[in-house]
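Novice: Protein chains in written order, with my numbering: chain A, 24 to 663; chain B, 958 to 1259.
If you are wondering where the hints come from, they were derived from the structure by calculation, not from laboratory data.
Cβ atoms here follow ideal geometry from the backbone N, Cα and C, with glycine treated the same way.
Fair warning: there could be bad hints in the mix.
[Claimed, not checked] What follows is a set of in silico ranges between Cβ atoms, one per label pair, in the way DEER data are often shown:
1. A:426 - B:1231: 56 to 66 Å
2. A:53 - B:1184: 37 to 47 Å
3. A:288 - B:1039: 52 to 62 Å
4. A:439 - B:1220: 23 to 33 Å
5. B:1056 - A:581: 16 to 26 Å
6. A:345 - B:1160: 52 to 62 Å
7. B:1061 - A:601: 27 to 37 Å
8. A:304 - B:1160: 29 to 39 Å
[Said to hold, decoys possible] Computed list of lysine to aspartate or glutamate pairs in DMTMM-like fashion (alpha-carbon distance at most 25 Å, straight line):
9. A:615 - A:539
10. A:538 - A:606
11. B:1131 - A:581
12. B:1006 - A:305
13. A:452 - B:985
14. B:1131 - A:344
15. B:1006 - A:329
16. A:452 - B:967
17. A:54 - B:1227
18. B:1131 - A:530
19. A:585 - A:479
20. A:135 - B:1147
21. A:585 - B:1135
22. B:1133 - A:632
23. A:54 - B:1028
24. B:1133 - A:589
25. A:452 - A:620
26. B:1131 - A:620
27. A:516 - A:483
28. B:1133 - A:451
29. A:622 - A:638
30. A:515 - A:451
31. A:585 - B:967
32. A:577 - B:1227
33. A:614 - A:589
34. A:54 - B:1051
35. A:135 - B:967
36. A:610 - A:479
37. A:302 - B:967
[Stated by the list, open to error] Computed footprint of chain A on chain B, listed as stretches where at least three residues anywhere in the stretch have a Cβ under 8 Å from a Cβ of chain A:
38. 1008-1022
39. 1039-1048
40. 1121-1135
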Amino acid sequence: MTDGTTNEPVYVVDDLIAEDIDAYLDQHQHKTMLRFITCGSVDDGKSTLIGRLLYDSKMIFEDQLTSLEADSRKVGTQGQDIDFALLVDGLAAEREQGITIDVAYRFFNTEKRKFIVADCPGHEQYTRNMVTGASTADLAVILVDARKGVLVQTRRHSYLCHLIGIRNIVLAVNKMDLVEYSQAVFDTIVADYAEFARSIGIDSFTAMPISGFKGDNIIGPSANTPWYTGPNLIEHLETVEVNSAADGTRPFRLPVQWVNRPNLDFRGFSGLIATGSVKPGDAVRVLPSGKTSTVTRIVTLGGDLDQATAGQSVTVCFADEIDCSRGDVISIAENPPQVADQFEATVVWLNDQPLQVGRGYWLKLGTQMVSATVHAPKYTVNVNTMEHVAAKTLELNAIGVAELATDKPIVFEPYADSRTLGGFILIDKITNATAAAGMLHFSLRRAQNVHWQALDISREAHAALKNQKPAVLWFTGLSGSGKSTIANLVEKKLHRMNRHTFLLDGDNVRHGLNKDLGFTEADRIENIRRVGEVAKLMADAGLIVITAFISPFKAERELVRKMLPEGEFVEVFIDTPLSVAEERDVKGLYKKARSGDLKNFTGIDSPYEAPVNPEIRIDTTRITPEDAATLIVDTLLGDA
Amino acid sequence: MATRTLTHLERLEAEAIHILREVVAEAERPVMLYSVGKDSAVMLHLARKAFYPSPPPFPLLHVDTTWKFQEMYKLRDRMARESGMELLVYHNPEAAERGINPFDHGALHTDMWKTEGLKQALDKWSFDAAFGGARRDEEKSRAKERIFSFRTASHGWDPKNQRPELWNLYNARKNKGESIRVFPISNWTELDVWQYIQLNDIPIVPLYFAALRPTVERDGMLLMVDDDRFPLLPGEVPVMRSIRFRTLGCYPLTGAVESEAGTLPQVIQETLLTTTSERQGRAIDKDAGGAGMEKKKQEGYF
């Protein structure tokens, strides 16, 4: 197979299939599964290697082979030879471009194992795809072109694999046929890589000289590399330990997905065991409540189990009727995971829209979904040089370390201990896009030590004394739309009616509470967040709070809405067209913004996201400020 | 406590069950698409396992073309009864009215009954998540599809704009009008499906096993004369052959293979030894060169 002419499948169909199918099926049934990723630069031959693995393990059928041969001649890059890469490169657009642009999953078997390969692209802009592919992998094959050696991309891929926690790294020095199978070339590359690997914390890796195109050291020792005595690729893939085996030895954790309650006599908790194992009689604790019970049954369609282990989907029942629902984590009683609401994490940004510091994102970890805000990053990592770089935000493909806070405590473990309870995604609340992936490292002490103080005088008591229903009348609209004018009139009317009110005005707040903030997008978000928190405290005190801020972003207004009990946030959209507001230009600001003297001015060079369904909408071109105030007061008190 | 390494089938089963439960927990109105084929059989079994002792908390939806094999209809009705699930059957009324059929209308038949029918059915019952049995090993463009695949309000698929899926965390949040197609057995291969059927003794349509059946040969495909709607060409006489099917769709569009495999191990054996890939028996992939399925999917075919 090494004379350069053979494209014969070496991994021919097992004779066992033809001779004794029952024995073959028995063997296949007991195979374990290894998931791995291949990464390398554009021309390192990833797709060719995977194509070779599929081809050699007979995972290509005759009709596919026929179209492969035809395609090879038409668009292939290997002359008259079969271009294995064409087997793997799938979508029409990338076939034309000749590059792999996404993560593709491929499957093959050997006698010992089943394999799932994630084919990951080498392009710089596709870090997100690589992180995606690596997140489920037990092992990574890092491809290096023997002619080029360790490149910037090699470092990047290695760093990402290490970051995502892949413990088994294979350095595959590919295209050995093009360097005459030179041991010196191989040794130099391995030495280069070893130095780099140590510097980023990769303790060990397995290096092998291969040719994906010619087949050297893929499924057997190659006569062309007599100097190499290590394992061939398949042999190594067949014997390396898989993650789930290691997970099984950790303490028992079961994130609850779904409560199974077909009737009053049965109550079970369903989920996939993240780590450890469980059997009937085990004492367990439900987090975050901390309630304890004993496992009575592990229920499956095929009958109850004596024991279940990491990686299995199960339904367990308890001896006691304790509260337990989706998002809770069932743990071994004596060794529960931590609960916290502030963390340090590494965050990989996956979305075109950069991180908005302070804005609320949905955070999904295991089966828990909470609202979370990310602080300004401590630093980002230059994935080519591994240098730490100061940054104010995270953009697409950026990797940064930052603190984040959740709106309620979550059950977690450090990512290094549990991918399931330490890995999370952030979801943009407006677009619902998956904005980022992250890995929790540890909780911050202040979260554990600052507890909610239980107050004897409740917010209901505060409101009752004032004989009113608290509310936040949240005015939003362009500068010069008439927010402050109308807000003032509303307060006067309410005051006359013996209501306890307070008006928070944009300009006034910026002289005090928020005088450290400017007008960048990030500062504007923080401005509104603080005002929201103050308004919430005042509403807790029983007041009717009136705020008059441009508050241009929908996400921040939604954030404040979520802080308050249902019905207490009343969005008042002062709807004045830009042309009208600019015409009025009470403070002369539009003129300045138009002349460029004032940056980030809403409506001019910064967006205003109008409310879609405000509780109250005031069209100031059709109604006087006095009538508007009456309408708002009537609506508010009518609701109350 | 000693633990063991799970087998590949145990891991695949656990993953599929995890996905089914996530969708039920997060979607408002999930549904399982049920085509009565072997992949559907596995999906239904996984659903029963995932929620036992409750019945699966969603209905089965069969987007019917009226041209399926008779034995498929029989098994469909039986499985719905046994699983305790509601079975919804949808026929595109326009296709019915215009008498669209695979003999006279070719690609339009699939487009109207299946592609349009599916869209109409999902809209009719306002389903926001639909489980499908597609696998990544079936076809090149599927190898890159996510497990949670989002469709626009008009059911389009944008392969360039898929959400990254990390670990086993799925983002099931939808924008207004969007729906999700969810593929719990994405990571299974054809062999895995067969072996799972064998190990769990899952009922499948008898057409998967070889038997003597009336057939005609057309355009290199062996078609079964399943009922008297099959228009025979002049001089064409059905011949009894020992055949079976590797995939099941509309009988006039589904090619049979000559076979003697009468048991599941024999079928698996034949599958493994065969040199023709699974979807070749179906006419659908052959349009538009190598990107046939990708194109279909962008148009809304499942």
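Novice: Within a Cα-Cα threshold of 25 Å, do residue 610 of chain A and residue 479 of chain A meet the stated pairing?
Specialist: violated, 46 Å
Novice: Just to be careful, I want the Cα atoms of residue 516 of chain A and residue 483 of chain A compared with a cutoff of 25 Å; is the pair within it?
Specialist: The given pair, whose Cα atoms are some 24 Å apart, holds under the 25 Å limit.
Novice: If you draw a straight line from the CA of residue 1133 of chain B to the CA of residue 632 of chain A, is it 25 Å or shorter?
Specialist: holds, 18 Å
Novice: Need the status of pair residue 1131 of chain B, residue 530 of chain A: alpha-carbon distance at most 25 Å?
Specialist: violated, 38 Å
Novice: Is 52 to 62 Å right for how far apart the beta carbons of residue 288 of chain A and residue 1039 of chain B are?
Specialist: violated, 23 Å
Novice: Is the hinted pair residue 452 of chain A and residue 985 of chain B satisfied, with a Cα-Cα distance of at most 25 Å?
Specialist: holds, 18 Å
Novice: Starting from residue 585 of chain A, check that the Cα of residue 479 of chain A is at most 25 Å away, please.
Specialist: holds, 24 Å
Novice: Could you grab the alpha-carbon distance between residue 54 of chain A and residue 1028 of chain B and see if it respects the 25 Å cut-off?
Specialist: The given pair, whose Cα atoms are some 34 Å apart, is violated under the 25 Å limit.
Novice: Does residue 967 of chain B sit within 25 Å of residue 452 of chain A, going by the straight-line distance between their CA atoms?
Specialist: violated, 35 Å
Novice: For the pair residue 304 of chain A and residue 1160 of chain B, does the Cβ-Cβ distance stay inside 29 to 39 Å?
Specialist: holds, 36 Å
Novice: Checking one constraint from the list: CA of residue 135 of chain A to CA of residue 967 of chain B, max 25 Å. Satisfied?
Specialist: holds, 15 Å
Novice: Run the distance test for residue 585 of chain A versus residue 1135 of chain B: straight-line Cα separation, threshold 25 Å.
Specialist: Holds - the C-alpha atoms of residue 1135 of chain B and residue 585 of chain A are around 24 Å apart, at most 25 Å.
This entry does not satisfy hints 3, 4, 5, 6, 7, 10, 14, 16, 18, 23, 25, 26, 29, 30, 31, 32, 33, 34, 36, 39, going by the numbered hints stated previously.
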